[in-house]
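> Chains as they are written, first to last, in our numbering: chain R, 40 to 365; chain Y, -17 to 519.
The set of hints was computed from the structure by calculation and includes no laboratory data. Be aware that one or more of the hints could be misleading.
Chain Y stretches covered by chain R per the calculated footprint, using a threshold of three residues with CB under 8 Å from any CB of chain R [what the hints assert, rightly or not]: (1) 41 to 51; (2) 161 to 173; (3) 223 to 235; (4) 389 to 397.
Ideal Cβ positions, reconstructed from N, Cα and C, are used throughout, including at glycine.
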Amino acid sequence: MANYLVKRILMLFPLLLGITLITFTVIHLAPGEPVEMQVSMSPKVSAASRARLREFYGLDKPLHVQYGRWLSHLARFDFGRSFAPDNRPVTDKIIERIPITLSLNIIALILEFGLAIPIGILAAVHRDTLLDRGISVFVFLGFAVPTFWLALLCMYFFGVKLSWLPISGIHSLGSDRLPALARFADMARHLLLPIAIATFGSLAGLSRYMRSTMLEVLSQDFITTARAKGVRERTVIYKHALKNALLPVITLLGFSLPGLIGGSVIFETIFAIPGMGQLFYQGVMGRDYPLVMGILVIGACLTLVGNLLADLCYAFADPRIRHGRG
Amino acid sequence: MTLRRLVALLLVTLQLAGCGKGAPEPEMARIKGGTPAYGDALVSGSIGEPSNLIPVLSSDSASSDISGLVYNGLVRYDKNLKLEGDLAQSWEVSPDGLSITFHLRRGVKWHDGAGFTSRDVLYTYRITIDPKTPTAYSESFKQVKTAQAPDPYTFRVSYAKPYAPALESWGMPILPAHLLEGKDITKSPLIRSPIGTGPFVFKEWLPGQKVTLVSNRDYWEGAPFISRYIYRIIPDNSTMYMELKSGGLDEMGLSPVQYQRQTNSRDFMSRFNKYRYPASSFSYLGYNLRLPLFQDRRVRQAITAAINKDEIVQGALLGMGQVAHGPYKPGTWAYKPQVADPAYDVARAEALLKQAGYLMGKDGILVKDGKRLSFTIMTNQNDVRTKSAQIIQQRLKKVGIDVKIRVMEWASFITNFIDTGRFEAVLLGWTIGQDPDIYDVWHSSKTAPKELNFIHFKNAEVDRLLDEGRGTFDVEKRKACYYRIQDILAFEQPYTFLFVPDALPAVSARFHGIEPAPAGISYNLIKWYVPKTEQVY
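Chain R on its own, in the form it takes in the complex:
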């Protein structure tokens, strides 16, 4: 097992290097440069000031030199400074955005799993009944409705018409003077709509997956055996079938890991949530190479770690992987 782990971890480094090389090339292939975004079409900018800006960001060097420089900084866990006019360390920019995105995504993920699993089981157990069809319609509605549209409708209805919920942002003005509990409640009110809508939109995938694995398990011989032995239906479903059906779902959780730091651009834009999605989008539009690379590297690391964890879970659960090829 330890041997397997070490091998897998060593494999991560060339993978990561490959990912950074490809992303670095791709982002530099996009037309335009950070300098462009700041000064193009402005009457007050001379060619000399443009050249000065390029030199300041190191854009006058050949691409492989830029990559080497960036990589050597990365080896020291330094993502460099942003090419946006604020010139702040990329790490600072990411760190101030991560908490809100992370907490939103974790809550949404818990809700998603907490709702989709029972929904999937319910649909599987009551297969092809009116309930099953109703559930299908409901989850696919969430999947099909454009989130931004639903979000705007809800904002208008609950925010403008009824004035029950705040429309955007994460705090009310002046909430910093409230006691901690009231401050928390204020934040919860702000996040209610975004979380509810995000969860609604993501129910379909997982619940359908749950339904099909559940159905597969329910059709297997040992379930028939259990039923034949006279085990109560509840025990059959929740003890024998569910345990087996949940295994692949748990690996899905591993794959959700990189998604935790990625926010949805459209969502964060509409609700004015200062998260990672917006940061990344601004980075791409402004051709802020260090920022984009920084976020991509973190994302890549999390993907690799997520895959590793999923594989380890498999190995843990399935001795054939552990011993056979390990």
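Assemble chain Y onto chain R, guided by the hints.
Same frame as chain R, but now just chain Y:
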């Protein structure tokens, strides 16, 4: 109709303005109801987040919105767009026009309590021209030959030759030398928490959420009535609009649709005041003059004659703008009211194209020497611009010109097409500066890649007039130059000037003391107030 409403608005403005500046405040308050009072907060919204609050280092509008309240320049534009002293009490231009002496205001304090002196001005000048400073604004300061600070309250600059935009360039926000001198400005903490001399003091900046400013109690013009200015970052226009309606914002710029169709309910009108005045920008259709097709003046004139500009103002802006005939804002001193540019006249357009040798082909498109009269209009992702391009496309089709439209993302557009000259016609806009110097866009020396005369307009007389116009401080002489330039542009039609859109801000009705003027509404922000009974924050 548009013009009449505008005139009406201006008249109202002037009446109010009459009792504004010199007259004591209570008088104006009596007209408006309520008494000026200190307190309350103004919550404003912005699509973009400020990037950097040291003004020489940033060029985005969100940063300059904030900087404009935190810092002062030596001079500024007053409500009628005339230069007046800001940190400079007065100034003199030497008779030969080669040097300017600024007499600085005494007793002005930086927000940290230090005194403002000519050392700060000298520092701002030096850091701006310092080759190590990554700034986009060094150009006009590079014209300076010498800069001196003979005493703490005098600052003198001299130029190699008279340079009219020089005065305006000293509206650049002045930076605190005592906090920046000898340090690396690109890593200064002032980028995130600026210290200026302006009417508002920086308090906090929550990234992606808001920037909060509080009123400067010691401001030399008197403390602003409004205690706090909160600048919320709301990246989506629909969200911003709903925030406005639900009371989460006090102020936002409306789109033409929102102004015309969505904000006329009694409820909205009772809670908000809507304002309307021409914005400082114009949109145009520009032709690549290096292409044989557009080298023929008659073709350019014909295109202009075939376009119904009124229709574009109605269709793309819902009437919230006015037709443009040249590169200046109507009503400003350099603007020539009557120029002989081609009016909308389909018969004339057809005649001009015939003169130019075009004959109608079988498919309804004009042909000359076996080539169809067809070109592509490129524009960036902007709703008003794509709509305008579509309206133009329809009109030109009627006279036999085939137009294709290509919409692109800004960065790719500029790099791949504008900079390389690989375009036929573009639909874009320019900001109209307060100083009428338009050298960079129209002088024949500004046609290198990355320069702004990217359509390659070359006219010896315009070149001469541009040099003459920036080489004198005499307003009448300058006016003559710029009037003549407008005549030439109207005749040559290197651009078809399309429209000047209106700015359409809505402000919560609890704010009093707003006096719309040619400069807009926010020039007297420090005089806005909320009567005690209406204060909410």
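> Now, for every hint given, state plainly whether the structure supports it.
Verification of the hints:
Only residues whose beta carbon comes within less than 8 Å of a beta carbon in chain R count, and the stretch 41 to 51 of chain Y has 3; three or more means the coverage holds. With 3 residues bearing a CB less than 8 Å from a CB of chain R, the stretch 161 to 173 of chain Y meets the requirement of three and the coverage assertion stands. Residues of the stretch 223 to 235 of chain Y with a Cβ under 8 Å from some Cβ of chain R number 5, which satisfies the need for three, so the listed coverage holds. Counting residues of the stretch 389 to 397 of chain Y whose beta carbon lies closer than 8 Å to any beta carbon of chain R gives 5, which reaches the threshold of three, so the coverage claim holds.
The structure agrees with every numbered hint stated previously.
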